[in-house]
Amino acid sequence: MIKAFFRFLISKVFLINLVLALLVAITIPYFTLNYIEEYTNNDSENYKKNYIPVPNFIGLNVDDINEYIKGKNLRYVISDSVYSDEFKPGQVIRQKPNPFTDEKPEYVKPNRRIYLTIVKKEGEYKEIPDLISNYNSKKLAKVKLEMLGFIPEFVAKSHKSDYVLKLLYKGKEVTPGTKLLKGSVITVVHGDGGGGRPISLPKLSGMTVQEANQTLALAGLETEVLYENAQ
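Going left to right, the sequence shown walks through residues 744 to 974 as my numbering numbers them.
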């Protein structure tokens with residue numbers, strides 16, 4: 744039986760079938776891979792032909808985009824606008840879909856909308872803080888105003904303390920809560936801290952204790968309240 748099996752292995756019928764089986768095993772994967780590659784390439788070419796690489800709008804001013812996309816079958820929508828001190832007003836800082844790159848190719852259909860985020864053109868308004876009733880010093884006033892985006896400049900006035908006496912904007916006094924554009928120059932009128940100079944005593948009649956304390960503090964005077972026993 745073993746001899747018959749070996750005779751079959753070297754028989755012409757077996758060898759022909761073996762060769763045919765090897766040919767099938769080689770040719771089917773080869774043609775399949777070639778077909779897939781050709782199909783993929785064709786699909787990629789059709790995709791590129793029917794879709795548009797997403798342009799990079801980041802850094803452009805929104806006023807220049809219409810000229811930039813002319814003839815490119817693209818549209819844009821300003822989906823959001825934000826305040827920023829780092830970029831110019833009207834500048835595009837984000838977009839969706841993202842711009843086309845070699846690492847991340849992005850395509851869109853013709854006339855597809857590109858959604859943009861730009862820097863707001865109008866300035867941001869901030870409220871003037873209360874720097875007077877809380878007896879803020881010149882240094883503290885500088886910190887608070889700069890944190891809000893204002894530009895403080897200082898004018899000293901003869902006074903025992905260095906407290907803030909009033910705030911001016913373009914020569915006019917402004918009160919706490921007034922809204923002004925970030926970047927506005929605020930003049931801080933403060934005491935020069937020069938003690939020992941004659942000071943006119945303010946009229947306190949009719950004031951409450953709190954009002955009197957505030958008035959005297961602004962004049963650079965310390966106060967002490969004495970209460971008489973009512974009979």
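Keep in mind that the hints were calculated from the coordinates and are not lab data. Incorrect hints may appear among the rest.
[Claimed, not checked] Within a straight-line C-alpha distance of at most 20 Å, the following computed SDA-like cross-link-like pairs (lysine to any residue) qualify:
| no. | residue 1 | residue 2 |
| --- | --- | --- |
| 1 | Lys882 | Val928 |
| 2 | Lys925 | Asp828 |
| 3 | Lys885 | Ile875 |
| 4 | Lys839 | Val862 |
| 5 | Lys863 | Asp806 |
| 6 | Lys831 | Ile795 |
| 7 | Lys815 | Ile795 |
| 8 | Lys885 | Lys839 |
Computed from a predicted structure; not experimentally measured.
Consistency of the hints with the structure:
{"no.": "1", "hint": "Lys882 with Val928", "in the structure": "holds, 16 Å"}
{"no.": "2", "hint": "Lys925 with Asp828", "in the structure": "holds, 10 Å"}
{"no.": "3", "hint": "Lys885 with Ile875", "in the structure": "holds, 13 Å"}
{"no.": "4", "hint": "Lys839 with Val862", "in the structure": "holds, 16 Å"}
{"no.": "5", "hint": "Lys863 with Asp806", "in the structure": "holds, 13 Å"}
{"no.": "6", "hint": "Lys831 with Ile795", "in the structure": "violated, 29 Å"}
{"no.": "7", "hint": "Lys815 with Ile795", "in the structure": "holds, 8 Å"}
{"no.": "8", "hint": "Lys885 with Lys839", "in the structure": "violated, 40 Å"}
In this structure, the hints that do not hold are numbers 6 and 8, in rising order.
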